[in-house]
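Trainee: Chain residues, written in single-letter form:
There are 2 protein chains.
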Amino acid sequence: MIYQLYYWPGIQGRGEFVRLALEEAGAEYLDVAKDSGGEEQAVRKLQALLNDPRIPRPAFAVPALKAGELVIAQTANILMFLGAHHGLAPTDEAGRLWTHQLQLTVADWVVEIHDTHHPLGPTEYYQDQKQEARKRTASFLKRRLPKFMDYFEKVLKQNPSGDQFLVGSTLTYPDLSLFQIIEGLRYAFPRNQSRIEPNYPKVVALHERVLKRPHIAAYLASGRRIPFNEEGLFRHYPELDG
Amino acid sequence: MIYQLYYWPGIQGRGEFVRLALEEAGAEYLDVAKDSGGEEQAVRKLQALLNDPRIPRPAFAVPALKAGELVIAQTANILMFLGAHHGLAPTDEAGRLWTHQLQLTVADWVVEIHDTHHPLGPTEYYQDQKQEARKRTASFLKRRLPKFMDYFEKVLKQNPSGDQFLVGSTLTYPDLSLFQIIEGLRYAFPRNQSRIEPNYPKVVALHERVLKRPHIAAYLASGRRIPFNEEGLFRHYPELDG
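Protein chains in written order, with the numbering used here: chain A, 173 to 414; chain B, 173 to 414.
Among the clues, some could well be false.
Heads up, simulated DSSO-like pairs for lysine-lysine below, C-alpha to C-alpha not over 30 Å straight-line [unchecked claim]:
no., chain 1, residue 1, chain 2, residue 2
1, B, Lys-326, A, Lys-302
2, B, Lys-329, A, Lys-374
3, B, Lys-238, A, Lys-206
4, B, Lys-374, B, Lys-319
5, B, Lys-384, A, Lys-326
6, A, Lys-326, A, Lys-314
7, A, Lys-319, B, Lys-238
8, B, Lys-302, B, Lys-326
9, B, Lys-384, B, Lys-374
10, B, Lys-374, B, Lys-326
11, B, Lys-206, B, Lys-384
12, B, Lys-384, A, Lys-319
13, A, Lys-302, B, Lys-238
14, B, Lys-319, A, Lys-326
15, B, Lys-206, A, Lys-319
16, A, Lys-314, A, Lys-374
17, B, Lys-374, B, Lys-314
18, A, Lys-238, B, Lys-319
19, A, Lys-217, B, Lys-374
20, A, Lys-307, B, Lys-314
21, B, Lys-374, A, Lys-307
22, B, Lys-374, A, Lys-238
23, B, Lys-302, A, Lys-314
Ranges of calculated distance between the beta carbons of each label pair, as one might list FRET restraints [as the list claims (entries may be wrong)]:
no., chain 1, residue 1, chain 2, residue 2, range
24, B, Pro-225, A, Arg-306, 46 to 52 Å
25, A, Tyr-409, B, Ala-310, 35 to 41 Å
26, A, Leu-383, B, His-257, 50 to 56 Å
27, B, Asn-223, A, Leu-202, 25 to 31 Å
28, B, Gly-210, A, His-257, 47 to 53 Å
Since the hints were made in silico from the structure, they are not lab data.
Backbone N, C-alpha and C fix where the C-beta goes; we use that ideal spot for every residue, glycine too.
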């Protein structure tokens with residue numbers, strides 16, 4: 173089966189968490205964001221999917237993954253599906269729930285990262301909320317970011333199977349997402365990251381470990397990965413970098 | 173098995189989504205928030221759970237549910253577990269994913285509702301972000317709230333099994349959560365809700381339908397439900413109600 177990934181063109185955004193899982197799995201997929209008809213055509217295809225009145229299970233937003241007859245939305249939900257079908261999650265119930273719990277914590281973190289540049293909400297431009305973004309980012313970098321970093325360092329430390337991966341002794345989908353978070357934070361807040369990362373050696377080592385996975389390394393070298401930019405989730409505004 | 177629910181005392185918060193599922197399921201549970209040792213003792217128990225260095229699978233935050241040996245955190249994850257064990261979700265993969273997708277969309281909505289009174293983040297007081305809260309709430313009520321309401325109305329309308337429930341023809345866990353969202357919005361923004369709800373007859377009817385479920389009605393009449401207040405997720409600040 174060839175999957176179809178529906179996500180906005182031009183940004184990594186939440187779609188990138190899905191792409192990393194598809195790439196690691198070596199799954200075949202058509203990326204609608206890279207539609208041969210260009211970005212306008214890609215957006216038309218997304219809107220057709222989101223607004224189709226005949227779809228019995230409509231998505232609120234993208235990313236969405238078409239897998240045969242299924243249309244699955246919500247990043248963490250898509251990853252749970254891919255995890256089960258491509259060996260990126262344990263098969264026992266306790267392990268599946270724990271893996272998903274970690275992913276949902278990543279999802280909460282993603283919202284807080286997004287809100288650093290959009291504290292007044294997703295419908296206003298950054299330029300219209302710069303002052304508020306400065307306040308929110310200061311609070312995020314001081315209080316919330318260390319809380320999330322501490323947590324994932326602790327999960328690695330307390331993993332009874334060792335500190336190589338978040339769950340058990342093999343890679344699962346939240347490892348890929350944690351890699352992406354570190355990539356994004358380094359892009360958005362380079363000064364702050366270089367200051368705090370020495371406190372989180374296990375998280376940093378996990379990022380390195382994922383970076384070297386053959387499929388991930390090939391993807392990053394391929395030129396297919398959309399560069400970070402100031403339209404996406406992780407944005408580099410020097411005035412916000414603590 | 174008697175479950176143990178860990179959540180902050182004194183507020184409904186995210187714990188209430190779990191309580192509603194436990195109540196509907198008729199499951200036996202100990203509510204740590206109602207610990208016989210009082211609120212201080214409850215908080216000590218939460219902190220012991222969150223900070224225990226011997227726990228192999230630590231939670232980032234509560235709610236958390238102890239189910240025998242398992243400690244499950246993240247509201248949507250707990251609900252997925254309860255849904256599978258208490259007939260509050262379909263058993264086929266496509267149905268399980270769709271149910272969870274709806275719950276994750278509710279979770280996104282919950283974050284945006286919380287952010288109306290905390291646009292500068294969870295670590296600052298409302299009193300220190302009143303002006304920003306006013307801006308964020310105006311944008312939420314005008315743009316985001318109708319988008320979420322439209323979506324759930326559409327899900328009910330497009331459900332091939334009829335408009336009585338979100339998934340298929342029986343109650344599932346996101347129905348309970350949508351009920352709670354409507355309850356909370358009516359508490360927080362009574363003027364705005366009374367103006368917009370006539371546009372969403374199916375969502376309003378679903379709320380009524382859940383309200384009349386025998387177990388839910390008994391729970392609401394029992395006095396065990398913590399009242400809404402200005403420490404929780406849904407807060408009534410008249411200056412924010414459009």
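Trainee: Hints first: check each against the structure and report whether it holds.
Mentor: Hint check results:
no. : hint                              : result
1   : Lys-326/B x Lys-302/A             : violated (35 Å)
2   : Lys-329/B x Lys-374/A             : violated (48 Å)
3   : Lys-238/B x Lys-206/A             : violated (45 Å)
4   : Lys-374/B x Lys-319/B             : holds (15 Å)
5   : Lys-384/B x Lys-326/A             : violated (44 Å)
6   : Lys-326/A x Lys-314/A             : holds (19 Å)
7   : Lys-319/A x Lys-238/B             : holds (23 Å)
8   : Lys-302/B x Lys-326/B             : violated (34 Å)
9   : Lys-384/B x Lys-374/B             : holds (15 Å)
10  : Lys-374/B x Lys-326/B             : holds (9 Å)
11  : Lys-206/B x Lys-384/B             : holds (25 Å)
12  : Lys-384/B x Lys-319/A             : violated (41 Å)
13  : Lys-302/A x Lys-238/B             : violated (43 Å)
14  : Lys-319/B x Lys-326/A             : violated (38 Å)
15  : Lys-206/B x Lys-319/A             : holds (27 Å)
16  : Lys-314/A x Lys-374/A             : holds (21 Å)
17  : Lys-374/B x Lys-314/B             : holds (21 Å)
18  : Lys-238/A x Lys-319/B             : holds (23 Å)
19  : Lys-217/A x Lys-374/B             : holds (29 Å)
20  : Lys-307/A x Lys-314/B             : holds (24 Å)
21  : Lys-374/B x Lys-307/A             : violated (40 Å)
22  : Lys-374/B x Lys-238/A             : holds (28 Å)
23  : Lys-302/B x Lys-314/A             : holds (21 Å)
24  : Pro-225/B x Arg-306/A: 46 to 52 Å : violated (36 Å)
25  : Tyr-409/A x Ala-310/B: 35 to 41 Å : violated (24 Å)
26  : Leu-383/A x His-257/B: 50 to 56 Å : violated (39 Å)
27  : Asn-223/B x Leu-202/A: 25 to 31 Å : violated (46 Å)
28  : Gly-210/B x His-257/A: 47 to 53 Å : holds (48 Å)
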